[in-house]
Amino acid sequence: MEITANELKNVLNRVITKHKDLNTEGFSLESCRSMIALMDMDGTGRLNLQEFRHLWNKIKQWQGIFKHYNADQSGSINSYEMRNAVNDAGFRLNNQLYDIITMRYANEGMNIDFDSFISCLVRLEAMFRAFQAFDQDGDGTIRLSVLEWLQLTMYA
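If you're matching positions, the sequence shown starts at 49 in the working numbering and goes up one per residue.
Rather than coming from a laboratory, the hints here were simulated on the basis of the structure.
It is possible that some hints are incorrect.
No more than 25 Å apart at the CA atoms, straight line, and that leaves these computed lysine to any residue pairs for SDA-like [said to hold, decoys possible]:
| # | residue 1 | residue 2 |
| --- | --- | --- |
| 1 | K57 | D147 |
| 2 | K68 | W104 |
| 3 | K66 | K106 |
| 4 | K68 | R140 |
| 5 | K115 | M158 |
| 6 | K106 | L60 |
| 7 | K106 | V63 |
| 8 | K108 | H67 |
| 9 | K115 | D90 |
Simulated restraints on C-beta separations [to be verified]:
| # | residue 1 | residue 2 | range |
| --- | --- | --- | --- |
| 10 | E78 | Q199 | 10 to 20 Å |
| 11 | L192 | T65 | 38 to 48 Å |
| 12 | Q184 | K68 | 45 to 55 Å |
The C-beta atom is built at its ideal place from N, Cα and C for all residues, glycine as well.
Using the sequences and the hints given, assemble the complete structure.
Structure, rendered in C-alpha cells:
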C-alpha cells in the first residue's frame, strides 16, 4: 500500500483539525507533494508504510518544536521564534537565509503558521539531503551542471 499526495493531505488535515492550538488552514496539496518528494526513497512518487512512518515521526518532532515556540498559543510563531525553531530542528543557517525564509514563509504580519513551518523544514531537509548526496568528499562545495541543478530543485 502506498499513499499519494492527495491521500496524505486528507490524512494530515484530519489529524491537524484536532489540534485547535495550531493556527492553520491545513496542509496544501503542494506541501504534501514536497513531503512526498522528501521521503520518497524508492522514486515512486508515493509513500510506502515505512516512508510514511518516517515522515510522521518528523512531523511530530517538528510539531513539538513549533508548540514550544508558540508559547502564547496564538497558533503561529514570529520570525524571531522561527530562527530559534529552525535551529532547534537541527539547521544551522546564516542571517541572509533566515531573512529569505521569513520572506518566503511568513505572512504579512511576519508570523509563520504550522503548515508554513512544516513546509519550510521539509524544504530545508530535502535541500540539505540533496547537497550532502552531491558533496561526496564532504568539503561543503558541489559542482552541478544546469540540468543537475534543475533536477535537484524541481523535485525538492
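Evaluation of the provided hints:
{"no.": "1", "hint": "K57 x D147", "in the structure": "28 Å, violated"}
{"no.": "2", "hint": "K68 x W104", "in the structure": "19 Å, holds"}
{"no.": "3", "hint": "K66 x K106", "in the structure": "18 Å, holds"}
{"no.": "4", "hint": "K68 x R140", "in the structure": "30 Å, violated"}
{"no.": "5", "hint": "K115 x M158", "in the structure": "17 Å, holds"}
{"no.": "6", "hint": "K106 x L60", "in the structure": "13 Å, holds"}
{"no.": "7", "hint": "K106 x V63", "in the structure": "15 Å, holds"}
{"no.": "8", "hint": "K108 x H67", "in the structure": "12 Å, holds"}
{"no.": "9", "hint": "K115 x D90", "in the structure": "32 Å, violated"}
{"no.": "10", "hint": "E78 x Q199: 10 to 20 Å", "in the structure": "19 Å, holds"}
{"no.": "11", "hint": "L192 x T65: 38 to 48 Å", "in the structure": "41 Å, holds"}
{"no.": "12", "hint": "Q184 x K68: 45 to 55 Å", "in the structure": "47 Å, holds"}
Violated hints, listed in ascending order, are 1, 4 and 9; each of the other numbered hints is respected by the structure.
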